[in-house]
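Chemist: Sequence:
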Amino acid sequence: MGLETRSDQRPLSTLHDRSSYDLGDFEVPAGREEEWRFTPLRRLRGLHNGTAEPHGKVLVEADAAPEVTVESVGRDDARIGKSYVPADRVSAQAWNSFTQATVVTVPKEAVASAPTILRVRGEDASSAAYGHTTVVVEPFAEATVVLAHRGSATYADNVEFVVGDGARLSVISLQDWAHDSVHVSHQHARLGRDARFVSHNISLGGDVVRISPSVAYDRPGGDAELYGVYFVDGGQHLEHRLLVDHAVPNCRSRVDYRGALQDQDAHAVWIGDVIIRAEAEGTDTYELNRNLVLTDGTRVDSVPNLEILTGEVAGAGHASASGRLDDEHLFYLQARGISFDEARRMVVRGFLGQLIERIEVAEVRDKVIEAIEEELDRGAAR
Numbered sequence: 001m002g003l004e005t006r007s008d009q010r011p012l013s014t015l016h017d018r019s020s021y022d023l024g025d026f027e028v029p030a031g032r033e034e035e036w037r038f039t040p041l042r043r044l045r046g047l048h049n050g051t052a053e054p055h056g057k058v059l060v061e062a063d064a065a066p067e068v069t070v071e072s073v074g075r076d077d078a079r080i081g082k083s084y085v086p087a088d089r090v091s092a093q094a095w096n097s098f099t100q101a102t103v104v105t106v107p108k109e110a111v112a113s114a115p116t117i118l119r120v121r122g123e124d125a126s127s128a129a130y131g132h133t134t135v136v137v138e139p140f141a142e143a144t145v146v147l148a149h150r151g152s153a154t155y156a157d158n159v160e161f162v163v164g165d166g167a168r169l170s171v172i173s174l175q176d177w178a179h180d181s182v183h184v185s186h187q188h189a190r191l192g193r194d195a196r197f198v199s200h201n202i203s204l205g206g207d208v209v210r211i212s213p214s215v216a217y218d219r220p221g222g223d224a225e226l227y228g229v230y231f232v233d234g235g236q237h238l239e240h241r242l243l244v245d246h247a248v249p250n251c252r253s254r255v256d257y258r259g260a261l262q263d264q265d266a267h268a269v270w271i272g273d274v275i276i277r278a279e280a281e282g283t284d285t286y287e288l289n290r291n292l293v294l295t296d297g298t299r300v301d302s303v304p305n306l307e308i309l310t311g312e313v314a315g316a317g318h319a320s321a322s323g324r325l326d327d328e329h330l331f332y333l334q335a336r337g338i339s340f341d342e343a344r345r346m347v348v349r350g351f352l353g354q355l356i357e358r359i360e361v362a363e364v365r366d367k368v369i370e371a372i373e374e375e376l377d378r379g380a381a382r
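Residues in the sequence shown are numbered consecutively from 1, following full-length UniProt numbering.
These are computed hints drawn from the structure, not numbers from a lab.
Below, in silico cross-link-like pairs of lysine-lysine (BS3-like), each with a Cα-Cα straight-line distance of 27 Å or less:
{"no.": "1", "residue 1": "Lys57", "residue 2": "Lys367"}
{"no.": "2", "residue 1": "Lys108", "residue 2": "Lys82"}
{"no.": "3", "residue 1": "Lys57", "residue 2": "Lys82"}
Quantities reported herein were computed from a predicted structural model and do not represent experimental measurements.
Work out the full structure, taking the sequences as your base and the hints as a guide.
Modeler: Shown next, in the form of structure tokens:
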């Protein structure tokens, strides 16, 4: 990765250095670009090049906590797009194509007594649909928001989370699409002073799913934790591209994504970009990606990037590991009378369970556990 230098000789990051609402500012991806080289463009059904028929239908149904307001608004609403500018062509296409947006507001100092659940349901994967969601958590408020994606769709959307000073937001995004779905999503969080943001991305269904979570800090004291769990079956492409941009002092971030893969042509991609800019002294950051390969024929691409432009950091590191089930673990369990299939299950459960147990909404946590068990059943039956 390269660095630019200004006239005052302070280095500038070139990671994600382009952003615009104008679709014309982004060239049509050809697959050779760094941000697209792992994505199967031919399977995006035209979301990346403007050829997708924009007649798809995706419905959003809300079950809001009593303290939370959920509105469906036009694209001219002043609250939309204030915290996020698209960083690639699909995101810009989604911005220019949606007609209605969902705005979730948590008032100042309110503490939501229940999760707010947005159920995003696709009804037709033969043509494209576009969406936009804005979640505003006002200063010193606290809330949990669940984005539950189901059904069949060819869908591109942007989601922005605005977390005010001293506020707390936990987000759970569940990609439980039907097998014929394509979903390309950008999820951007902007944190105020001493704000805390926790996200869980769980990707299970769909044909091609590409989720791009990002975090930016407006004031010191921000704290972000990004977790992810995914299980990739034969033929699936599940991709997660993260960016944590530390541009102010004394902020913290932690990233931990884990996945399991089984069967021919299962493909997982994880890109983790962390920038610590020259102004971000006192940053404390660490990112981790681990993948468990259960069968032959799978592919994992895991690329952590850490770009540090100041020497005054509290801590910075990254790690990535991909491998098969540990033979010693399996032998230890089998030596105690546990069958191979059950030993395999126990190892996978333990590997993913450390993150699944962090999901605070029981309904979602149980759904993920059930889905993992179903995946393991299918693997054992083959």
